[in-house]
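For this one, chain A is given, so just place chains B and C on it according to the hints.
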Amino acid sequence: MKLNKYRKKSPWILHYNAGGCNGCDIEILACLGPKYDIERFGMINSGNPKQADVMLITGPVTKRSRERLVDIYSQMPEPKVVVACGSCTCTGGVFRGMYNCEGGVDQYIPVDVYVPGCGCRPEQIIAGVVEALKKLENKTKEIEKSVRLEVAPVESDNQINRREIAAPINNGGKPSVFG
Amino acid sequence: MNNIVVQILLIALAPILGGLIYGLERKVKARMQRRIGPPLLQPFYDFLKFADKRKMIVHSTHAFLGLLHFVSLWFAVAVLIMGGDFILIIFLHLLSTAVIILAGFSTRSIFSHLGANRSAISVLAYEPVLIIIAISAYMLTGSFDVSALYASEIPVLFKMPLAFIALLLILPVKLKKSPFDVSEAHQEVVGGVELEYSGIFYEAVYTAKWLDYIFVYLLVFMFGGANIWLGLVLVALTFIYINALDNSTARVNYKQMLRFCLWVALPIAFVNLLLTMFGVL
Amino acid sequence: MAPIIVSLFILPVVVSLLLLFLPKAAAKVLTILATLTLSGISLYLYYSRGDQPIQFAVPAIVDKIVLIADFALLAYVIAQGFLQRNILVWGLAALQAGILAYLAMNMPHGEYMQFYVDNLSLFMFILINVVSGVIAIYSLKYIDEEQCSPFRKKYFLSTIFWFIAAMNLLSAADNLEYFYLFFELTTIASYLFIRFRLDKESKQNALTALWMNQIGGLAILGAIAYTIFTPGYGVPTFSHLLTQAPTVGVILPFAFLAIAGLVKGAQYPFSKWLIGAMVAPTPVSALLHSSTMVKIAPFIILKISPAIQGTPVATVIICLTAFVFIAAAIGALAQDTFKKILAHSTIALLALMILMSAVGTPVAVTAALMLIFFHGVSKCMLFLNAGIMEHVFHMKQTSSMTKLAEVGPYTSLIVAVGFMSLLLPPFGAFIGKWFSIETLGTIGGAVITPGYKLISALILVMIVCGGAVLSLLYFKVLGSMISRTGERDKVKFEKLHPIYRGTMNFLLVTVLLCTIALPWLIPGYFAPVAATIIKSGVPVAFEGFALTIDNVKLPLIPMIAAFVLLPLGIIAAMFVRFKNVDRAKEYACGEKVEYNFASFYFTTEKATPYFVYAGILFFVGILLVGYLM
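Protein chains in written order, with the numbering used here: chain A, 376 to 554; chain B, 3 to 283; chain C, 14 to 642.
The shape of chain A in the complex, shown without the other chains (with noise of 0.2 Å):
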């Protein structure tokens, strides 16, 4: 049987917090609240990574933030999907290029859709997320399979993204898929 319809009909929220000014967390809340009522949707903030199939994050990801970031990333049963919410989230925002973070949370897992604004607006967060849905339904068995991206190391600024230069080890060299 195909299941795959009843993923963007039950989507379980975790929403992480990676050292932002809690602006965004504030819309998320919203979005959770009467007004925007995203559980039509069937959303629950569940905040419990082993249940929960779309990561909402927050914040420019400090240096503190990201080692917790990749573990709960890690705790979530494939299939998911990442939403970033928020300028910082996307890009670094107004903190890129300071001590304490890099230019944004794609520099430490795959982000699905990035959802701009400083704060992201409910009606934005909600628009993210059913756009994620739609990668969600999609998302194939093969990525539950591990990959271990090599490590290398940020040469420039203007490297944004690390999954360009990342190539999967056991994949024969070619470009990995992360859906």
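To be clear, the hints were calculated from the coordinates, so they are not data collected in a lab.
So the derived list for chain B, only partly shown, Cβ under 7 Å to chain A, looks like this:
{"id": "1", "residue": "35"}
{"id": "2", "residue": "36"}
{"id": "3", "residue": "40"}
{"id": "4", "residue": "44"}
{"id": "5", "residue": "47"}
{"id": "6", "residue": "54"}
{"id": "7", "residue": "55"}
{"id": "8", "residue": "56"}
{"id": "9", "residue": "58"}
{"id": "10", "residue": "188"}
{"id": "11", "residue": "197"}
{"id": "12", "residue": "200"}
{"id": "13", "residue": "204"}
Derived Cβ-Cβ restraints for the label pairs, each shown as a range:
{"id": "14", "chain 1": "C", "residue 1": "605", "chain 2": "A", "residue 2": "415", "range": "35 to 43 Å"}
{"id": "15", "chain 1": "A", "residue 1": "439", "chain 2": "C", "residue 2": "593", "range": "35 to 43 Å"}
{"id": "16", "chain 1": "B", "residue 1": "34", "chain 2": "A", "residue 2": "509", "range": "27 to 35 Å"}
{"id": "17", "chain 1": "C", "residue 1": "621", "chain 2": "A", "residue 2": "445", "range": "49 to 57 Å"}
{"id": "18", "chain 1": "A", "residue 1": "445", "chain 2": "B", "residue 2": "258", "range": "37 to 45 Å"}
{"id": "19", "chain 1": "A", "residue 1": "493", "chain 2": "B", "residue 2": "11", "range": "52 to 60 Å"}
{"id": "20", "chain 1": "C", "residue 1": "532", "chain 2": "B", "residue 2": "10", "range": "20 to 28 Å"}
{"id": "21", "chain 1": "B", "residue 1": "145", "chain 2": "C", "residue 2": "465", "range": "15 to 23 Å"}
Below, computed lysine-lysine pairings styled on PhoX-like, alpha-carbon distance capped at 25 Å:
{"id": "22", "chain 1": "A", "residue 1": "384", "chain 2": "B", "residue 2": "31"}
{"id": "23", "chain 1": "B", "residue 1": "29", "chain 2": "A", "residue 2": "383"}
{"id": "24", "chain 1": "C", "residue 1": "508", "chain 2": "C", "residue 2": "416"}
{"id": "25", "chain 1": "A", "residue 1": "377", "chain 2": "C", "residue 2": "592"}
{"id": "26", "chain 1": "B", "residue 1": "57", "chain 2": "A", "residue 2": "510"}
{"id": "27", "chain 1": "C", "residue 1": "416", "chain 2": "C", "residue 2": "505"}
Every residue gets a Cβ at the ideal spot worked out from N, C-alpha and C, and that includes glycine.
Below, chains B and C without anything else, positioned relative to chain A:
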């Protein structure tokens, strides 16, 4: 409840019925907050989604105990539907709770441990009241079997109204609803014992929650006696009461919960026991 | 029959003496052989029991020996009291010696049997010999690891068999004077056991145990005195007392006997000696808690239950034990030492057994017997396991046992099954508890006096709350010792010494087998014993898939299903291994530090002194009520 076919159907459909109740509950709760809320079949969508997730466990014992929890709870519900011994039913329910508490303790996860500790505390909160209600029911019918209550001509509610009140007071503990949801407490202990389950193994724990609804609402239904309609009305009223309470109260800590259950609910049940013992009502 | 029964008395004494001299290897063989023989004899006795109790007299010379032995024991106690400057010990012993001397002069002489072996005694024989035998075998290894001289090791083993002999004698004795001697013998044996390690704490606790149990001895002497001087009772034997009681109508002797039992059963305020007994090597605790010492309490109450049933004395005993049931459970919540937790739960469960014995209806007595039996086996298992934890894993406090499931999965499995077997369906101890609640409910519904109704309702609430507190306690303790990380998915049982492994396996299998055999054990084992106690038949019948005992129904299908779910399920959970499933780390908010676990800590010590005061009040109440009636 005397038709064996109905009973078997009820037992077989118990998880599905429970799922529907849960779906309805989410809908009703949303309407109380002036939201639209998820579709009625939302729990089943969740169920089907989890079936497709990657299988991840902490260790096999933990995962297996989750399955065992579901089976033992279903069994307790089955005995309740068949009208078995009330006290045995309460202890069979305790067995299923014990299994999930053990599961919570069997991992090295802080939140799981906290949740299991709190679940054990809530057992202390609701179990005495339930047993006292069971003994009151014996005083009334002269039999410990639940089937005697189902068959009672005069509704049990009119015979022991205080027991019903005591039951209403401990139901939030049992269903893990606010204000007595310390054992689940998503914001504090991230779901407690169910935290470490994921994917297909979480389904067992998730569906067990639906079975808990059936268990609890059957207890409420029992107070209608042989009058099925009264029973259903009671269930409906209790349903609204639980959800209204869940929506309108904040969580208390476990000490307050314990104090409330043992100093308010238990004396009410005790007075009820005395009343039925002396045959006042 | 009589010679076989006497062999149960003689054999342990002979073994006990031999063990003092034999070398280690021979002692090992002898212990195992003696255990097998004693267990075999006790099982055979039960199997070949007749309808009538076996009564036999001993030569008149034994009377004199008993008297001399009595005085010798008291002299020993007085000497110990003087040597260790404990006025309570020597004072109480001197008082007893005085009373005994006075009684010996006034003892009426008649033709009567000194030993009376009914089904209850046979039941006790099985429990004593099998369980204590297992403990003796276990001690072979345990005492070997103890830091003491080789002679003291032999002496320890020898004392165990002495204890078995004293217990066998005690459960067969009919003459109260004999009963007093054997009672004192167990007291002395426990005294020697508790001070075995000879440090300051051991000596202190041993003296506490000694003086507290002296009060029990004093109470027996009081019972003898009242029997002799009350017109109508005549000779001081249990059988006379029980047959004469309805006509004479004086129940003070029974009140005294009940007090003797309650002191041995470590009910409040006399709980201190049992908890203090923890300082001894673990097999001692196992011996005291499971099959021997404390089981004297329900044994005595069961014996006198036909006489006291329905009297105010029984009511006060029931109130006391209901109170102790919940108080001991609450007291246990504050403890951290594993053995102390077990000790408190023993006191609580003993209270339940005594309560059911005092209630004295057919179902209540059956429930009491089931509790005695299953509690004996389960507690023995738990205590021996505590010894293994101490010697092999060096863990004493529950808060330090967080790694137990990783280093000793087998040990933690035993603890899990042991605790569950005291708490949950389908185990015998649970069924005992369940019957208790239903019987009390039935009685509450049946009595007419408003006062009794109120009391029975209060007792029900106490039992129910106590049971819930006990379940919280077991969860709390168990929770700290079964957790392991995901890396230890494949469970590999630790290697234990064959003696340890063998005894634990035996007890585990016994618990499981007896649980599955309950539908046969109840009509075949517990009901006949209960029938002898209440002097009328216990109606047990199979109706469809339910076993009906008087007015309580035991449905079998739920029991079998619960058996599959609980013990088998939990054991299976150790072995099941899911393949093709990925392992994930535990969720800890992404942090990678290792956490230490603790359970809720309950501060209940403040309440404990009040428990003691309440216990004293109840004891005074028993005497007062017995006197006034």
